[in-house]
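**Q** Take a look at the letters that make up each chain.
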Amino acid sequence: MFSKKTVMIIGIIILISVNIIFLSVSSKYRYSAYSSGRVILNVIAPFQDVITDTMRFAKNVWRHYFFLVSAARENDNLKKDLSRHIQKSNEYHEIELSNIRLRNLFDFRQNMAGKAVVAEVTGADPSPWYRTMVINKGKSDGISKGMPVVIPEGIVGQVIDTGNNYSRVSLIIDRDSAVDALVQGNRARGIVKGISSDKCILKYVVRRHDIGVGDIIITSGFDGVFPKGLPIGFVEKISQGSSGLFHEIEITPYADFGKIEEVLVLKSFSVNN
Amino acid sequence: MNYLSYILSCLVLILIQTTVIHDLPLFNGFYDLLIVVVIFLGLYRNLRESLPVILLAGFIMDNLYNGPFGLYMTVYLWLFACIRWSSVYFNVRSILFLAFIVPAGVLFENIIFLGSFAMLNSGSFHHSGIYSVVAKQIIWAMITGPALIMLLNFSHSTWSRWFNMKISV
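Which chain is which? The protein sequence lines are A and B, in order.
Counting in the working numbering, the first sequence tops out at residue 273, every number present.
Counting in the working numbering, the second sequence tops out at residue 1169, every number present.
Treat the hints as calculated values from the structure; they're not laboratory data.
Hints are supplied without guarantee of correctness; some may be wrong.
[To be verified] Below, a list of computed lysine-lysine pairs in the DSS-like style, where the Cα atoms sit at most 30 Å apart: (1) A:Lys199 with B:Lys1166; (2) A:Lys259 with A:Lys88; (3) B:Lys1136 with A:Lys59; (4) A:Lys259 with B:Lys1136.
Remember, it's a predicted structure, so these values are computed and weren't measured experimentally.
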């Protein structure tokens, strides 16, 4: 009744339709107990760990023995000191601003006194359109899904999947990431969304708020994931547009995602009343 | 034994893609290396040998990345089908064909990904970086694609010959 060509075309159309339906369903239920994901993570991650350790060793040998030995060591120490001082400076600035506001009306104090676990980065997302990393700590170290991941310079992302000894972290520059944020100066609120490049977009900031290039963006704490006051990045570019209620603001994150080697996973943080 | 060598090739390329390449700023924006394997299998190997390897490679990639499950399997299977169809009409041994087919495969993968973002409305869709990401991948594919396919072909042929020799002895 139908020619071979017609049957083939109909078959291809049906296959494409089934494919699209399957992808649409799987995109809605991405994290629902995909045990296969954890199995693959537990199998692949140890090899990633070995390769990453080998590369770091080779880099260290190159840095410390083929270039100026003492200069490299001093550089490492200075970088660690600088990271500590940047973190302290941000904390003090945030404390200073919160003291100026009428804090006694709200009567609460935020304190990041929770436990943190140090983890090394062992691998990255294979796709350029998604930005995740694999770290070498998992359930056996007390890590669970939803925990925030930070470095002294700023926030990095959130744990989205855990194996026994390895976990996957979705970075704030991932296209599916969204962090509730504040502009540090005027406390304007918005959502920092990743766009798969090295930048983020701060959305839903009402246009009546004055935002300037260089303004610091911090976590608001309202998303229940990140503690309040952690640095996210700074404003790089603002697009006004001719209409619309909101600014379109481009953020450069403080974390340099191409160079992160160690991270802190915050296992708990307390909000004290 | 052929299956084992293909699977090992896939695993090595996945590890390189998720560790070595990400650590080297020079290769920032490199394309998906498994496309080379899919094209190699589509051009030089039969369906019985190729299909399980492609399904396994797609399955592993789908579990390693952060997007909709099944997208990599979709890309690899449709790319494989297109390669098999094109090999009927073109000379697959020609360097010119190889120089074209790898960037075409990379472009095909990116079109499927971008189409899925638009259709499934998943995550933020920002236009600014798209062209540079795709362009970098295509340029890398043009430079390294043919060489990688020839290297895969040579190494797997050598391996098959060596293994058959050992068995016959």
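**Q** Against this structure, judge whether each hint is valid.
**A** Here is how each hint holds up against the structure:
At most 30 Å may separate the alpha-carbon atoms for a hinted pair to count; A:Lys199 and B:Lys1166 exceed this at roughly 55 Å. Between A:Lys259 and A:Lys88 the alpha-carbon distance is near 21 Å, which keeps this suggested pair within the 30 Å criterion. Of the pairs offered as hints, the one joining B:Lys1136 and A:Lys59 holds, with about 26 Å between alpha carbons and a cut-off of 30 Å not exceeded. With a C-alpha separation of about 20 Å, the suggested pairing of A:Lys259 with B:Lys1136 holds against the 30 Å cut-off.
Going down the numbered hints, you'll see the structure goes against just number 1.
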